[in-house]
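Participant: In case you want the letters, here they are:
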Amino acid sequence: MGTTLSRILTSRRRAGRWHWTDVAAYTYLCIGVILMFGPVAWLALSSFKTQAGLLEFPPTLLPLAQKEVVVDGYPQPLPLFAATLEDGTTRHLAQVRRIGIVAQMVDPSDPSQQFRVPIERRIPVREFSLATSNYTEPLQRFAFMRFLGNSVFVTVVATLITLLINSMAAYALSIYEFRGKNTAMVLVIGTLMIPITIILVPVYLVVTEFGLVNSLWAVILPGAATPTGVFLLRQYMLTLPPDLIEAARMDKASEWQIYWRIVMPLTLPALAVLAIFSIMWRWNEFLWPLAVLTKTEVYTLQIGLNAFQGELQTQWHFLLAMTMVTLIPVAIVFVFLQRFITTGIANTGMK
Amino acid sequence: MPGVEPLPKTTARPSIVAWLGIPFVLAMRIVDYPMRALQRALGEQRMAYVFLLPNLIFFSLFVFAPIVINVIFSVTGGPALFPSERPFVGAGQYAYLFDCGSYLDPSTCREDHFWRGVANTFRFTASQVVAMVLLSLLTAVVLNMKIRGRGFFRAVYFFPVLLSPVVVALIWKWILQRDGLLNAGIIGLGGERILFLVEPGWAMFWAVFVSIWAHMGFYTLILLAGLQAIPSDIYEAAEMDATPRWRVFLRLTLPLLWPNLIVVIVLALIRGVQTFDEVFVLTGGGPGTATLMIVQYIYETAFSNQVQNFGLAAAASVVLGVVLCLLTGLQLALSRRKAA
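Residue numbers (the working numbering), protein chains in the order written: chain W, 139 to 489; chain V, 6 to 345.
Errors might be hidden in some of the hints.
[Unchecked claim] Chain W side only, calculated, beta carbon under 7 Å to chain V, not exhaustive:
#1 L277
#2 V344
#3 D389
#4 A391
#5 N422
#6 F424
Think of the hints as simulated: they come from the structure by calculation, not from any bench. Note that this is a predicted model, so its numbers are computed, not measured. All C-beta atoms in this analysis are idealised placements derived from N, C-alpha and C, irrespective of residue type, glycine included.
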């Protein structure tokens, strides 16, 4: 990291010449790193603080907790303080009890030495400590695992359905010549312009007619046929050599076999891009699940998190940890598949 | 598609993935029998309809039918959800929605929340699009320079695009809250605490800021793709003539980037008008109605208010739909003119 940074800092456009725009560019980029990464890093650090640590103002950078020591003769570990004694020296002492404004303290290495220190003359000794209970407790106390399970179910099933029906439609629109092909294309383009935001009420009606309100299928089905997906896959399938399909037909392969055994494997790169997109869409979806899911047991992670932020106003330590958990799959996808996503967006101009 | 590696041809032992795939492969084999029968009945080319059918069923159920039903909802009244139980009211919902003393002053309107939503969405979109286009253009130009660690910096600007709106909003809520990091910084520098999400002006500012933070990477990527498509020999010619950089940018880069800029502007407009989730989680539309957007108005009118008013929500959606149609038309017109 250090060498990369110094190389970044010492590099220039052409050897020996620093243009002022280079300096400006690096300055801009460094501010960018702080502004873009900073908030997420702050969330990550904060999510490991104790509830008391979070209430502290001004906040500390790292999650800290008061150090405790086990002292001979005392059953409980005692909190450690840096106390300034009457002779002006500072010593690390463990507090046995507090009486009013005076703390009764002992030397941890020699418990027989006792001190009485006014409380304003002692400062807690703190150490780096991760409050992992922020992560473990919500798992038991709230329906968090359930939300997680619901989100995973919605994401996986919806992505599978999307891949199947979109690739079938793309196959039809790229391999065949048939009557109504143009109409079908226009209809697909048309749906690109109709976001769920403007048909919220009638889609709710359709879902109600099917008796799917408060079922995860109500979240999965309406968005399964994506125009973006059909386009992406069709664009890719058009590049496949037609001879390949002709040859397969010669060998008496059925159309379904051609689709499933020949075209699908060759379309894998485009399918991968669509799969990643679909996973992101579904994992992050908010407005529609918010409208159609009203019972806690069917909440997805996003809806659950939103409900929590209303209920848990005072419990930021749980909220921040759960936000981190929601963020982690996305972070993993990003680290490993960034290239897929960026080429996908650059190729289609959609997300 | 570049950057995609071919799959390995052989695998020594069937992995877990392969075992999970077996029911899948089996299902596809089984589907082949009815498909063959269909193919015998329809012929090769007409199999296209079969392949198209599932997608079209989904489209018609969840897109085409809803468009029609939306209009029906908007011309009927009453609390019932099923259209057959809803009395016809003609343009009544629209008349109610548009009943205003002055369109510039939401408080003179009968449905003042809708008009506050319109005004807020307009303010939000206008400032967001301008800032978004300028910032993503600047970032794309910088990332297109010959700099070290370009991949890293590009990733830094891009990653918030993938975060969910709820996560984005909570990240910033934590920073902006009363005892948050930002206020600690301000007080540390000798300033006074600001209640960012309680003061209307600040709440709107942060709504715009957070949505730019979250989506800038996407637009930067489109502009960067455009910049990289500009052939480099054009620049070499300009350098030969010792043309100043700003002039090269204004005379060469900007015109060549124009198609991508149009895409960015129109997409940002279309998304801006539909803004909901980040702002909803960040401010809840508040304080008061200071950051209430049209989509939030629609959502609350239909689903979360005490009295669910589907007709009014549908009428508002139709209005929003018309706006989106106009914006899409604008995009088509602009890209046509460029092609001609």
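Participant: If you take the shortest Cβ to Cβ gap from F424 of chain W to chain V, is it below 7 Å?
Facilitator: holds (4 Å)
Participant: Does L277 of chain W meet its interface restraint, that is, does its C-beta lie within less than 7 Å of any C-beta in chain V?
Facilitator: L277 of chain W check fails; min Cβ-Cβ to chain V is 18 Å, beyond 7 Å.
Participant: Hold the hint about D389 of chain W up to the distance rule: shortest CB distance to chain V must be less than 7 Å.
Facilitator: violated (14 Å)
Participant: Next item in the hint list is V344 of chain W. Is there a CB on chain V closer than 7 Å to its CB?
Facilitator: holds (6 Å)
Participant: Measuring from the C-beta of A391 of chain W to each C-beta in chain V, is the shortest one below 7 Å?
Facilitator: With a minimum Cβ separation of about 10 Å from chain V (threshold 7 Å), the hint on A391 of chain W is violated.
Participant: Classify the hint on N422 of chain W as holds or violated, based on whether any CB of chain V lies nearer than 7 Å to its CB.
Facilitator: holds (4 Å)
Hints 1, 3 and 4 from the earlier list are contradicted by this structure; the remaining hints agree with it.
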